[in-house]
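Visitor: Here's the letter readout for the chains.
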Amino acid sequence: MSAETGTPAPVPSTGTRATILLRMLAIQGAWNYESLMGNGIAFCTEPALRMLPGGPDGPAYRAALARQAKYFNAHPYLASLAVGALARAELDGVPGGTIERFRTALCGPLGSVGDRLIWAGWLPACSLLALAVFGLGARALVVVAVFLVVYNAGHLALRVWGLRDGLARGLRVAGALAGPVFRQGPEYIACAGALLAGIALPVALARVIGPGRGEGGLIAGILVVTALGSVTLARLHGRVEGWRASFVVLAGLALYAVARHG
Amino acid sequence: MIAGLLPFALLGAILGMDVVTFPQAMLSRPIVAATVSGALGGHATFGLLVGATLELIALETLPFGASRYPEWGSASVVGGALMSSVSVRGSTVDVSAALAVSVLGALATAYIGGLSMIVLRKLNAVWARAAAHALEAGSYRAVVGLQLRGLLSDLVRGALLTGVALLVLRPIVAASVARWSVDARLTRAVVVGIASTVAVGAVWKVFHTTRWAVPCFVAGLAGGVILIVVTG
Numbered sequence: 112m113s114a115e116t117g118t119p120a121p122v123p124s125t126g127t128r129a130t131i132l133l134r135m136l137a138i139q140g141a142w143n144y145e146s147l148m149g150n151g152i153a154f155c156t157e158p159a160l161r162m163l164p165g166g167p168d169g170p171a172y173r174a175a176l177a178r179q180a181k182y183f184n185a186h187p188y189l190a191s192l193a194v195g196a197l198a199r200a201e202l203d204g205v206p207g208g209t210i211e212r213f214r215t216a217l218c219g220p221l222g223s224v225g226d227r228l229i230w231a232g233w234l235p236a237c238s239l240l241a242l243a244v245f246g247l248g249a250r251a252l253v254v255v256a257v258f259l260v261v262y263n264a265g266h267l268a269l270r271v272w273g274l275r276d277g278l279a280r281g282l283r284v285a286g287a288l289a290g291p292v293f294r295q296g297p298e299y300i301a302c303a304g305a306l307l308a309g310i311a312l313p314v315a316l317a318r319v320i321g322p323g324r325g326e327g328g329l330i331a332g333i334l335v336v337t338a339l340g341s342v343t344l345a346r347l348h349g350r351v352e353g354w355r356a357s358f359v360v361l362a363g364l365a366l367y368a369v370a371r372h373g
Numbered sequence: 024m025i026a027g028l029l030p031f032a033l034l035g036a037i038l039g040m041d042v043v044t045f046p047q048a049m050l051s052r053p054i055v056a057a058t059v060s061g062a063l064g065g066h067a068t069f070g071l072l073v074g075a076t077l078e079l080i081a082l083e084t085l086p087f088g089a090s091r092y093p094e095w096g097s098a099s100v101v102g103g104a105l106m107s108s109v110s111v112r113g114s115t116v117d118v119s120a121a122l123a124v125s126v127l128g129a130l131a132t133a134y135i136g137g138l139s140m141i142v143l144r145k146l147n148a149v150w151a152r153a154a155a156h157a158l159e160a161g162s163y164r165a166v167v168g169l170q171l172r173g174l175l176s177d178l179v180r181g182a183l184l185t186g187v188a189l190l191v192l193r194p195i196v197a198a199s200v201a202r203w204s205v206d207a208r209l210t211r212a213v214v215v216g217i218a219s220t221v222a223v224g225a226v227w228k229v230f231h232t233t234r235w236a237v238p239c240f241v242a243g244l245a246g247g248v249i250l251i252v253v254t255g
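For the protein sequence lines, the chains are A and B, in the order given.
Per my numbering, residue 112 is the first one in the first sequence, and the count goes up by one each step.
Per my numbering, residue 24 is the first one in the second sequence, and the count goes up by one each step.
Check each hint, because a few of them may be wrong.
Claimed, not checked - Here are the simulated distance ranges between beta carbons:
id, chain 1, residue 1, chain 2, residue 2, range
1, A, Ala370, B, Ala153, 30 to 36 Å
2, A, Arg275, B, Thr68, 37 to 43 Å
3, A, Pro206, B, Ala160, 18 to 24 Å
4, B, Gly27, A, Thr215, 48 to 54 Å
5, B, Val253, A, Ser124, 54 to 60 Å
6, A, Arg275, B, Pro194, 51 to 57 Å
7, B, Ile141, A, Arg283, 35 to 41 Å
To be verified - Chain B is nowhere near these chain A residues, computed Cβ spacing over 10 Å in every case:
id, residue
8, Pro121
9, Thr125
10, Ala174
11, Asp203
12, Pro206
13, Pro291
If you're looking for bench data, these hints aren't it; they were derived computationally from the structure.
Everything numeric in this text was worked out from a predicted model, so none of it was measured.
The beta carbon of each residue, even a glycine, is placed where N, CA and C say it ideally should be.
One chain only, chain A, in its complex shape (with noise of 0.2 Å):
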């Protein structure tokens, strides 16, 4: 029901919510350091606001859309959510500044949660599982296949879920983030993740080194190797990136080795 005119709220077609989803893959277009992903929520829920009072050309409409497009901030899966939750609450005729402080609530535990979930969990797990399909010996097309499928059957399903749910509920939301998937769903891919990492570093690196690699203590060297150089990196943690370390031993060993021929 709307809040302003006592009429039933718009509810968005499925052509609507087909549009918002595909615009959802280009939230960040705009990302910059100063209003972060805030263009890009008014991106995605400009579709929805048409059926504001008015249509586009409306007050409403571009009341609406002026105010999605300040400052927000969140993990790009789960602000399908917010973009739910915040085209219900403008259909709804929830006053102005009640939507903007709801904005701002939201952008904390959708990036914390967001970033836990996905950055520090299901993508780093997913990578072990394609190293480790790697390691095994598998084909090109069907590594990338098993990381591309799997990794994204979880991102396109959290950012349905998040439009759905968040377009159902809108200004309570909230309960959606107390959920087992948020609150048990880190932990258990995290396990899942170090058990993959185990079966995975040893196969993908065997795979890497090649044959006769049993040669001449070359595993052994390299075990010892990585275990001094990762107890050093992570007691280092912050301080030394592991890929800017990559690039000087590399290129001290491309230098070594291209001036040694003479």
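Please build the complex by placing chain B on the supplied structure of chain A, with the hints as guidance.
Guide: For chain B alone, kept in the frame of chain A given last:
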């Protein structure tokens, strides 16, 4: 030569976009991007080899919000392309040396790519500031225009990055491989050693706070070692 770079530049543009702007389906992960690039160069398996090595290193960098990180999408396309271009002779020495210099080239590109993303984000802010009045007035054109401009700029960024990196790195990498004087097994050992070091450090960083992570890792490690022994 320039025409030969175009397919890779286009691939780098698309996969560079995937990192942040569209569609973030992780097509830009090294294990995917380098493999596809290798396949484009006619050597998917070599692309996979460099992709898996880069993936081990990339495990460490998680794309949290406004943090600054290397851009792996275009960089992995460069890595796969370099690997497929210099490994064609297929001898053991070539492949090992090519792996080392391709990974090195990809890391350099990832660094430059990360910087180019910062520049683009600052440009997006400049454009958003210029459109501030229109945005405050709720202009559809301003919102959609900013979004499309950002997307297109990212596409161009990825294409330029990939094209220029390949143009510069291909001859350097070819010359380095031709003059490579370190034993092939030692070369691979260094590459694998550094990649595994970063990967183990990353796994520790990501999972160590979870209650059952250490026993799970140890159980997996035992399974992995058994698999190596069984499969020879």
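Visitor: Each hint should be assessed against the structure and marked as holding or not.
Guide: Here's how the hints hold up against the structure:
1. Ala370/A / Ala153/B: 30 to 36 Å: violated (51 Å)
2. Arg275/A / Thr68/B: 37 to 43 Å: holds (41 Å)
3. Pro206/A / Ala160/B: 18 to 24 Å: holds (20 Å)
4. Gly27/B / Thr215/A: 48 to 54 Å: holds (51 Å)
5. Val253/B / Ser124/A: 54 to 60 Å: Hint holds: Cβ distance 56 Å, inside 54 to 60 Å.
6. Arg275/A / Pro194/B: 51 to 57 Å: holds (53 Å)
7. Ile141/B / Arg283/A: 35 to 41 Å: Given a distance of about 38 Å, which is inside 35 to 41 Å, the answer is holds.
8. Pro121: The claim holds: Pro121/A sits with its nearest Cβ about 18 Å from chain B, beyond 10 Å.
9. Thr125: holds (20 Å)
10. Ala174: Not fine: 6 Å to the nearest Cβ puts Ala174/A too close to chain B.
11. Asp203: Its Cβ never comes within 10 Å of chain B, the nearest being 18 Å, so this holds.
12. Pro206: Holds, because the least Cβ-Cβ distance between Pro206/A and chain B comes to about 16 Å, which exceeds 10 Å.
13. Pro291: At roughly 16 Å from the nearest Cβ of chain B, Pro291/A sits farther out than 10 Å, so the non-interface label holds.
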